[in-house]
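2 protein chains.
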Amino acid sequence: MGESLTESLTDSTPPGAALLRPVGARAGRQGVARQQDGRPGPADGHEAELLLARARAAVDPVLREALGTLPSSMRRIALYHFGWQHADGTPAAGGSGKAIRPALVLASAAALGGPEAREASVRAAAAVELVHNFTLLHDDVMDRDATRRHRPTAWTVFGDTDAILAGDALQALALRLLAEDPHPAAPAAAARLAGCVVELCAGQHADTALERCRPDEVTLDQVLAMAEAKTGALLGTACAIGALYAGTGEADVTALDAFGREAGLAFQLIDDVIGIWGDPDRTGKPAGADLAARKKSLPVVAALASGTPAAAELAALYEAPSDKEDDAEDLEYLALTVERAGGRDWAQNQAADRMARAMRQLARAVPDPEAAGGLLALAEYVTRRSS
Amino acid sequence: MGESLTESLTDSTPPGAALLRPVGARAGRQGVARQQDGRPGPADGHEAELLLARARAAVDPVLREALGTLPSSMRRIALYHFGWQHADGTPAAGGSGKAIRPALVLASAAALGGPEAREASVRAAAAVELVHNFTLLHDDVMDRDATRRHRPTAWTVFGDTDAILAGDALQALALRLLAEDPHPAAPAAAARLAGCVVELCAGQHADTALERCRPDEVTLDQVLAMAEAKTGALLGTACAIGALYAGTGEADVTALDAFGREAGLAFQLIDDVIGIWGDPDRTGKPAGADLAARKKSLPVVAALASGTPAAAELAALYEAPSDKEDDAEDLEYLALTVERAGGRDWAQNQAADRMARAMRQLARAVPDPEAAGGLLALAEYVTRRSS
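Chains as they are written, first to last, in numbering that gives the first Met the number 0: chain A, 0 to 386; chain B, 0 to 386.
What the hints contain is simulated information worked out from the structure, not anything from laboratory work. It cannot be assumed that every hint is accurate.
[Unchecked claim] A few chain A residues that don't get close to chain B, going by computed Cβ distances all over 10 Å:
#1 Leu-49
#2 Ala-165
#3 Gly-166
#4 Asp-167
#5 Arg-175
#6 Ala-190
#7 Ala-228
#8 Ala-309
[What the hints assert, rightly or not] Below, a sample of chain B positions facing chain A; criterion: calculated Cβ distance under 8 Å:
#9 Pro-60
#10 Val-61
#11 Ser-72
#12 Met-141
#13 Ala-171
#14 Leu-172
#15 Ala-178
#16 Glu-179
#17 Pro-183
#18 Ala-190
#19 Ala-193
#20 Val-196
#21 Gln-203
#22 Ala-205
#23 Leu-209
#24 Cys-212
Since the model is a prediction, treat every value here as computed from it, not as a measurement. Each residue gets a CB set at the ideal place from its N, CA and C atoms; glycine is no exception.
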């Protein structure tokens, strides 16, 4: 289920009108910035899209240069994965994702240290993007996911071994970029990024382990902890690294880490809601795909844990051998059962609550709403998607 | 075939009498040290064993502390892999390998910077050992190797996903150790170690790719380059990192890198010879195991490239479908054919030549034979094994 976030965050489909508008996010936005002035703010998504495009433009040359140092065997797989080459090695114009994480690094550095800090953090932003892509390469192998960014995944093209090796090489490249960065914040950033990799590994482990559990064996705490490790950790680390490059104190670094984690969890909650009730025309996935796969996504586990009669019914439906294909009616009924057990409301309220917490952390580290605007826009962007 | 080196280098069987004594190694030893004094030197292996035991004692506490910071899911797999826990989590006394690479870091630091530099490089030595173990975890998954250090490999116990994730986490731990090291050499060491990981990945890629090629498609240059990337690179990097912690200039770092690479290649050559002609009672493997698996090891590729009538015969035997089990006679005949085509002589001469080159590089960076003694002992140790 963490996977769906990852896919969505790196999906190249532009966001449309908001399917879900978590109340807390909007309240937070107002609390931090909108009440301060009347101008059209980040909530319309334009500011976020601009920040993402600028982040992409800033880090792509660094990424291309770093990938250019790889031996040809590894370079070929990496360039394919980034969408910059076809499998046969010819150039491709494909998108390499939305650059959410680099944008968070740059926006955090800018929020706390201005344009100079932003400029200084470009290499670190590229390192964070390399780590993200290393995890995508490995997760796709482990999860047997065949499609990524509308293309066949690297393991389906080059085989498991080469996809694993290319992922290993990207992690090394990421940490080499920071080791070679003379900026005084680089060692602390490298230590934080390496620590985050360990957390991402534990998150992916928990995800695969939970998927193997019986529905009644999975607790809400477990699945929230998994989502934080698998999704929140790297968004938080991206923000914390930006703060490090701005030269701020430990308190601000911690607050920005927490901001990114909470926003990441809000994102995952919304993404899981979309995975059940999203419009197939917008998501590009069949309706109820997560239910068909019996994914123990956050709304489902909340529903199972609700102690309601609907929870018992859902548990029975989830436990039943799913060897027969569900038809549309089965999936609709499953979705309705999750909703009746309170899973949808819980997820939306949790997302709102997480966004409110994110806003409080942001306001603590960046009291000036003008300076906080970029981070706010990005946080709203990732939790306001419709696809 | 790189695999067999790795296994042997981490094998806990103590070395016995030398099966092979590459002429160059002995000449090198005499050239650098033995001619200087008459005392019993490293050639008897005692000095090397002492250095290995001291390295193990120095890095184990750092490794245990680093592994102790892992989340429990990853820690369990790592502690199993290191032989410090059984699969059920109870303590185990198993060996975690011979610590050749950490010993090379410490010996290089000591050779160029004395005891203080050695002491300062312990953390870096542990980082090198973590990288080595990360590659073992991943290589075993890719190569489907079921045994490592006389125990079932991690993937056979915990599954592919967890073995891959634990490997990822160990790479991150390695680079975090260096990122957190305040020593002025740490960033350069981290950059070098990360660059080496990329080379190791390319080497493993080449190894798996070459094994899939037809015998007549593989050139000696390719297989030598593969062996250097897969085996020589990390031994060279270990030595170079030791030199960095000694605060020496770039020329000495480069010379020690080259020393380690050449010694590593010599090792691989000898290891491949043992893989064909080694005494099963000593190697613990059935006679001719590498031939039974139709491995394109260095002596085999040299034989195939010899242009002799025996080469053509060997090619035909290697290309024939090996669906029937070879009997002892078949394997003996294959070994004889490699030998008739000059594969054995070539490998032994190459090993001697590589050791001679290693000695020249060592003498360049460490002219004092007393100071060079430790590195020399280790280089001889790894190329003098009988099992």
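Now the hints, each set against the structure:
1. Distance check on A:Leu-49: its Cβ is at least 33 Å (rounded) from any Cβ of chain B, clearing the 10 Å threshold; non-interface status holds.
2. At the 10 Å boundary, the C-beta of A:Ala-165 falls inside the reach of chain B, the nearest C-beta of that chain being 7 Å off.
3. The beta carbon of A:Gly-166 is not kept farther than 10 Å from every beta carbon of chain B, the shortest such distance being approximately 8 Å.
4. Some Cβ of chain B comes within 10 Å of the Cβ of A:Asp-167; the nearest lies about 5 Å off, and the non-interface call is violated.
5. Listed as a non-interface residue, A:Arg-175 fails to keep its Cβ farther than 10 Å from every Cβ of chain B; the least gap is roughly 4 Å.
6. Look at A:Ala-190: its CB is around 4 Å from the nearest CB on chain B, not clear of 10 Å, so calling it non-interface is violated.
7. Not every CB of chain B is more than 10 Å from the CB of A:Ala-228 (nearest about 8 Å), against its label as outside the interface.
8. Residue-level check passed: A:Ala-309 sits 32 Å from the nearest beta carbon of chain B, beyond 10 Å.
9. With 8 Å as the threshold, the beta carbon of B:Pro-60 stays out of range of chain A, its nearest partner Cβ sitting at about 20 Å, so the hint is violated.
10. For B:Val-61, the shortest C-beta to C-beta distance to chain A is roughly 15 Å, which exceeds 8 Å, and the interface hint is violated.
11. Of the supplied interface hints, the one on B:Ser-72 holds, with its beta-carbon coming within about 5 Å of a beta-carbon of chain A, less than 8 Å.
12. Below 8 Å, beta-carbon pairs count as interface contacts, and B:Met-141 has one with chain A at about 5 Å; its hint therefore holds.
13. Because the smallest distance between the Cβ of B:Ala-171 and any Cβ of chain A comes to about 4 Å, under 8 Å, the interface hint for this residue holds.
14. Restraint check, B:Leu-172 versus chain A: the minimum CB separation of about 7 Å is within 8 Å; hint holds.
15. At a threshold of 8 Å, the smallest CB-CB gap from B:Ala-178 to chain A is about 4 Å, leaving the interface hint in force.
16. Given the 8 Å rule on beta carbons, the hint for B:Glu-179 holds: about 5 Å separates it from the nearest Cβ of chain A.
17. The beta carbon of B:Pro-183 comes no nearer than 11 Å to any beta carbon in chain A, farther than 8 Å, and the hint placing it at the interface is violated.
18. A distance limit of 8 Å between C-beta atoms decides the matter here; for B:Ala-190 the minimum to chain A is near 4 Å, and the interface restraint holds.
19. A least Cβ separation of about 4 Å between B:Ala-193 and chain A falls short of the 8 Å threshold, and the interface hint therefore holds.
20. The closest approach between the C-beta of B:Val-196 and any C-beta of chain A is roughly 4 Å, which is under the 8 Å cut-off, so the hint is satisfied.
21. A cut of 8 Å between beta carbons decides the hint on B:Gln-203: the least distance to chain A is about 6 Å, and the hint holds.
22. The criterion of a C-beta within 8 Å of any C-beta in chain A is met by B:Ala-205, whose closest approach is roughly 7 Å, and the hint holds.
23. At a threshold of 8 Å, the smallest CB-CB gap from B:Leu-209 to chain A is about 11 Å, leaving the interface hint violated.
24. With its C-beta approaching chain A no nearer than about 14 Å, B:Cys-212 sits outside the 8 Å limit, and its interface hint is violated.
Checked against the numbered hints above, the structure violates hints 2, 3, 4, 5, 6, 7, 9, 10, 17, 23 and 24; every other hint is satisfied.
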